[in-house]
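> In order, the protein sequence lines correspond to chains D and W. When the first sequence is numbered by my numbering, its final residue is 313 and no position is left out of the sequence of numbers. When the second sequence is numbered by my numbering, its final residue is 313 and no position is left out of the sequence of numbers.
I should point out that these hints are in silico values taken from the structure, not numbers from a laboratory. Incorrect hints may appear among the rest.
Unchecked claim - For the chain W half of the interface with chain D, some residues (derived, Cβ under 10 angstroms), not all of them:
| no. | residue |
| --- | --- |
| 1 | His50 |
| 2 | Gly91 |
| 3 | Gly112 |
| 4 | Ala209 |
Unchecked claim - Covered by chain D, according to a simulated footprint, are these stretches of chain W (three or more residues, beta-carbon under 8 angstroms):
| no. | stretch |
| --- | --- |
| 5 | 65-74 |
| 6 | 116-127 |
| 7 | 150-160 |
| 8 | 231-245 |
| 9 | 299-306 |
Stated by the list, open to error - Residues of chain W clear of chain D, computed beta-carbon distances all greater than 10 angstroms:
| no. | residue |
| --- | --- |
| 10 | Ala40 |
| 11 | Thr41 |
| 12 | His42 |
| 13 | Ala46 |
| 14 | Gly48 |
| 15 | Ala77 |
| 16 | Gly87 |
| 17 | Ser144 |
| 18 | Arg145 |
| 19 | Ser146 |
| 20 | Ala170 |
| 21 | Arg191 |
| 22 | Arg203 |
| 23 | Asp211 |
| 24 | Gly248 |
| 25 | Ala291 |
Since this is a predicted model, take the numbers as computed values, not measurements. Here a beta-carbon is modelled for each residue, glycine too, at the ideal position from N, C-alpha and C.
Number of protein chains: 2
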Amino acid sequence: MARHPAARGLADDAAVLGWPLGQDLVATHDMLAEGVHFTPDCPPADIGWKLAAVNLSDLAAMGARPVGVLMGAGIGDGRGADWAGALLKGLMQCLDAHGTPLLGGDTIRSGPASVLSLTALGQLPPGSALSRSGAAGGDDLWVSGTIGDAGLGLRVAQGLSVAADPSGKAALLKRYRRPVPRLALGLALRGLASAAMDVSDGLLIDAARLGAASGLAVRLESSAIPLSDAARGTGVPVNDLAAMGDDYELLFAAPASARADVAAAAAAARTPVSRIGALCPGADLLLDGARPARLGYQHR
Amino acid sequence: MARHPAARGLADDAAVLGWPLGQDLVATHDMLAEGVHFTPDCPPADIGWKLAAVNLSDLAAMGARPVGVLMGAGIGDGRGADWAGALLKGLMQCLDAHGTPLLGGDTIRSGPASVLSLTALGQLPPGSALSRSGAAGGDDLWVSGTIGDAGLGLRVAQGLSVAADPSGKAALLKRYRRPVPRLALGLALRGLASAAMDVSDGLLIDAARLGAASGLAVRLESSAIPLSDAARGTGVPVNDLAAMGDDYELLFAAPASARADVAAAAAAARTPVSRIGALCPGADLLLDGARPARLGYQHR
């Protein structure tokens, strides 16, 4: 499974790799379960891609450069070698696209449902990690890419009504099944963003979390929330799109004096960013001056 | 869940920790699934202990010092907070016993069965990792502790007949449910053992693997295989005990000229070791000069 020299051909009990001198280690571990995070009919290559992408997105949110990943593949009853092979192929597509080696892992039978785990390891210079808690009152709030596409893609996957033509639906579905971790932007924001996190549960609830971690209130303007043409075409209100999950965009704060620097960093990372609001003293989240009816997906 | 400073109070998307200058990183990832690796009625604290222990055992086999772990807890339907809490308690008992912090992780609902994953990170000086493939013809083969106790403990857990009194059965069951990773011995063997691995699928099959990785044949003497009093008392033949899994002892090779050094290393690590055979040119495994009828547990 693992092709990196550090994996030692899987001959040994663990992978060994030299660590870059003077770099801190960043580590994150996320799981995906069949019937919870993906449906039984989801293409396994897309599951593999997403397993890698959601963990690399956590590294991006820290401003870390990926070093490698370890995968745990719990293969459910009734899944054959084809399914497991396609899962691995999709995982490797995402890893290869982001220059990240597979260092090792474990493959087991997991019972009725497939359950997948991944640990992503990254590196960054000491003291340079981005955090949710560093924003200051008066900072701008920014987000990358567009919001709500993945949530609409989930509706497409569920066979629900979405007002889009076939190519629009395909684009939305791809955003749900193959999110792209914003690694280049995360690196470019080191030393520039005062706070950062990735948007996984919905823009509004994650913005509220960044505000709470920084001890600040959040003010958002719905007209500034970036939407794709496909999302705009569906007619779904922006307030609803901002309460959908799975965007895997970067949400970050930066001083208002750094607007030109943020624009330059985004251009260097070839990643569009939009200024959607600000942080200020207080503890609530207001969208166009009002408390939203619904913030987003709440984990157990 | 994570109490280590590197976990940043779980406020951020990933853990950050300073890496010791000039040390290589060792990483391993193993999963345990309900109905496959543990029965539904297994005490959750024992599952948590074993999840940590089997991964730390992989670090021990490399001669690595643990740095920390990340856990993925896929909690099955019908398991409540009590079960998950006991799982975490058992995990922390094993980690605390081995000075290893929990750096982070993920807790999800995993569907019908519980599925657990763990990544263990360790450190060692460059070039000092133990490997399965380094043995030379003429090297002695050694094993730590005693063999077969865990396999008998599995029989006890399954309610099968085991000829032992209640305290003997309890001791065997504990060896199955709470294996102790041989971390101190692994560290003491750096620069001394020519090859090493942990015994997880059975002494015979794992010895055959070490021999194959080193390109050598294995000669074992059954009278030298270390047995506990409880195991000996059951009357199960040593050839059968050596084909049972879950021992999590260290199997290692060392030059015959290093016998006194191995004894001193084992004493320093407070871990009993036994010389059970030798490696020699060839490609087979012989026990008392004959090919065993059965080597042990074969994965998928």
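> None of the hints should be skipped; say for each whether it holds.
To see whether the hints hold, each was checked on the structure:
{"no.": "1", "hint": "His50", "verdict": "holds (7 angstroms)"}
{"no.": "2", "hint": "Gly91", "verdict": "violated (13 angstroms)"}
{"no.": "3", "hint": "Gly112", "verdict": "violated (18 angstroms)"}
{"no.": "4", "hint": "Ala209", "verdict": "holds (9 angstroms)"}
{"no.": "5", "hint": "65-74", "verdict": "holds (count 4)"}
{"no.": "6", "hint": "116-127", "verdict": "holds (count 10)"}
{"no.": "7", "hint": "150-160", "verdict": "violated (count 0)"}
{"no.": "8", "hint": "231-245", "verdict": "violated (count 0)"}
{"no.": "9", "hint": "299-306", "verdict": "violated (count 0)"}
{"no.": "10", "hint": "Ala40", "verdict": "violated (5 angstroms)"}
{"no.": "11", "hint": "Thr41", "verdict": "violated (4 angstroms)"}
{"no.": "12", "hint": "His42", "verdict": "violated (4 angstroms)"}
{"no.": "13", "hint": "Ala46", "verdict": "violated (4 angstroms)"}
{"no.": "14", "hint": "Gly48", "verdict": "violated (5 angstroms)"}
{"no.": "15", "hint": "Ala77", "verdict": "violated (7 angstroms)"}
{"no.": "16", "hint": "Gly87", "verdict": "violated (5 angstroms)"}
{"no.": "17", "hint": "Ser144", "verdict": "violated (5 angstroms)"}
{"no.": "18", "hint": "Arg145", "verdict": "violated (6 angstroms)"}
{"no.": "19", "hint": "Ser146", "verdict": "violated (6 angstroms)"}
{"no.": "20", "hint": "Ala170", "verdict": "holds (18 angstroms)"}
{"no.": "21", "hint": "Arg191", "verdict": "holds (20 angstroms)"}
{"no.": "22", "hint": "Arg203", "verdict": "holds (13 angstroms)"}
{"no.": "23", "hint": "Asp211", "verdict": "violated (6 angstroms)"}
{"no.": "24", "hint": "Gly248", "verdict": "holds (33 angstroms)"}
{"no.": "25", "hint": "Ala291", "verdict": "holds (21 angstroms)"}
In terms of the numbered hints stated before, the structure departs from hints 2, 3, 7, 8, 9, 10, 11, 12, 13, 14, 15, 16, 17, 18, 19 and 23, listed from lowest to highest.
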